[in-house]
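Work out the full structure, taking the sequences as your base and the hints as a guide.
As you go down the protein sequences, you meet chains A and B in turn. According to our numbering, the first sequence is numbered sequentially starting from 1264. According to our numbering, the second sequence is numbered sequentially starting from 48.
FYI, nobody ran anything at the bench for these hints, they're computed from the structure. Errors might be hidden in some of the hints.
[Unchecked claim] Per label pair, the in silico range of CB-to-CB distance:
| id | chain 1 | residue 1 | chain 2 | residue 2 | range |
| --- | --- | --- | --- | --- | --- |
| 1 | A | Gly-1444 | B | Met-258 | 44 to 52 Å |
| 2 | B | Leu-108 | A | Ala-1430 | 53 to 61 Å |
| 3 | A | Val-1367 | B | Phe-185 | 33 to 41 Å |
| 4 | B | Arg-166 | A | Gly-1581 | 31 to 39 Å |
For every residue, glycine included, the Cβ atom is placed at its ideal position computed from N, Cα and C.
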Amino acid sequence: MGRAIALAAVAALLLAVPILFRDPYVLHIAIYAGINVMLVSGLNLLVGYMGLLSLGHGAFWGLGAYGSALLAVKLGISFWVGLPAGALLAALMSFLLGNLILRVRGHRFVIITIAFQEITRLVHYNWVELTNGQNGLSGVPSPVVAIPGLLEINFFAKENFYYLVLAFAALTVYVCYRLVGSHVGRALVAIRENESLAESVGVNTFRYSMIAFGTGAFFAGLAGSLYAHYSRYVSPDVFDFIHIVEMLIMILMGGRGTIAGPVVGAIIFTALPESLRFVGLSPAAQWFTLGLILVVGILYVPEGIVPRVARLLARRRGARPAAATENPA
Amino acid sequence: MSLLRLQNLTVRFGGVTAVKDVTFEVLEGEILSLIGPNGAGKTTIFNLLTGFARPSEGDILYRGSSLVGRATHEISDLGIIRTFQKTMVFPTISVMAGTLVGLHSSVRAGGWDILWNSRRKRREEAALLARAREILAFTGIADKGDVLARNLSYGEQRLLEIAVGMAANPQVFLLDEPVSGMNAEETARVRRLIRAIRDRGVTIFLVEHNMNVVMDISDRIVVLDHGEKIAEGRPETIQRSPEVIRAYLGEGYERARARRRA
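Set out below in structure tokens:
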């Protein structure tokens, strides 16, 4: 019951953001935070629940962004087709790549994912006829919903786009939540905990690795498409390594292997760099401060913000720590 | 009736022959023990049976069909479940959560059930929880359900391994040194548990160094030495077999005994 009330309060707050903050800059940050929530919730299935570090997640969001943007710019295809197409392109690539690499673990897996992202970046950088190379693709249209004579919503308006991103971020978190609460989530955690034992009691570890990898890629593709149609521009910068570093910071600091952790991490670590700028720190001081916060965070809150807060609340109530499956490795 | 048949099994790792032309059967409903000195190839045989290793020659037949080349999880789905010599649990999740992982193969809920959290899925989860509780009670760790596996005592961790294996619904349960490192009381407890598992209709295939346990509970015993089968038979027969005594105590013992007699 208390849970339902808390959830309703959070939902009401999220829905009220465009009313509470009329500042377009705040909405801009909220939209980026929502896109990041989609990216890290999916990646968390692999990194947090299954314990497999992928540094190639940016490739899938880039594929979603470029896939959807190219369909719109070159062929004039609607965002509403481009969005699932971009996500399916990312999922398809993850399936092909996963068949090659999900049988290896540890550092070999990590290195192959870096290589995959770099190859994807180079293709988009050098295939100038298609992608316009480093100049990027501009003129990606804003999404529009139009039923003639009835309604027309243009998502060029930031408050409209905010609700669009909110809906998809909520969908992502919902799907991850349901997966984690089923035998799929138990299988992922079992792989993280002891892969040989998981396999011996009948978990097809390759299949469940693929589910985590593919689901993450699908939602990264959706996020990429939303990003392209929001900023109305895509360049090979989407494949920059710094993005995957940011995603990992969000997951680790928020609380890996929990549903709420990466969501909270994405919101905080999208807003924090911006607020440092807002209080008037120079760019160098911003990076320095951010780095300091990270070092302190990893030293003193190694399990992440959400598990720590949950534990403190539980202790105050005199109850047991949070559900065991929510504990990070 | 023969449930598992190991037929002319040979395994070579590089130049080393770990198992050499071994043939024997596991009969339905029995407790069969595999014994032999360290390095005799006992765990290798378990690895062959469960898809962790492949034989260089020979075949493994389960109810008449070959297991060679099958993945571990497929073999598990057929009902051949193992535990490991080195303690293997899911360390940072609870005893209950780990036991639920053991029930993985009996889950029937599909993608849509999961996404909509259907009534069918909720019912199934409730049933799984009840079964996991029953298994924990059966193995004697019912009161530890909420404890993280790594916080259990050594003996309790070994019981949890058996619980997780039982959750996977074995037809044949391969136990790799289940009482090693246990005190007398814990050993007696596991001995009773193994009998109780057999009484549930599960065939037991045991690797164990504790001869008191082996001689007490086995219906039959197979003895390996340097990868070769040197004896097979009932416990009384095995205890008197000169080959077995030689394998365990060495040629020196024989010579010393002969000298003493002279």
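Comparing the hints with the structure gives:
1. The hint said 44 to 52 Å for the Cβ distance between Gly-1444 (chain A) and Met-258 (chain B), and at roughly 47 Å that hint holds.
2. Between Leu-108 (chain B) and Ala-1430 (chain A) the Cβ separation comes to about 56 Å, which falls inside the hinted range of 53 to 61 Å.
3. For Val-1367 (chain A) paired with Phe-185 (chain B), a C-beta distance near 38 Å keeps the hint of 33 to 41 Å intact.
4. Between Arg-166 (chain B) and Gly-1581 (chain A) the C-beta distance comes to about 35 Å, which sits within the given range of 31 to 39 Å.
This entry satisfies every hint, going by the numbered hints stated previously.
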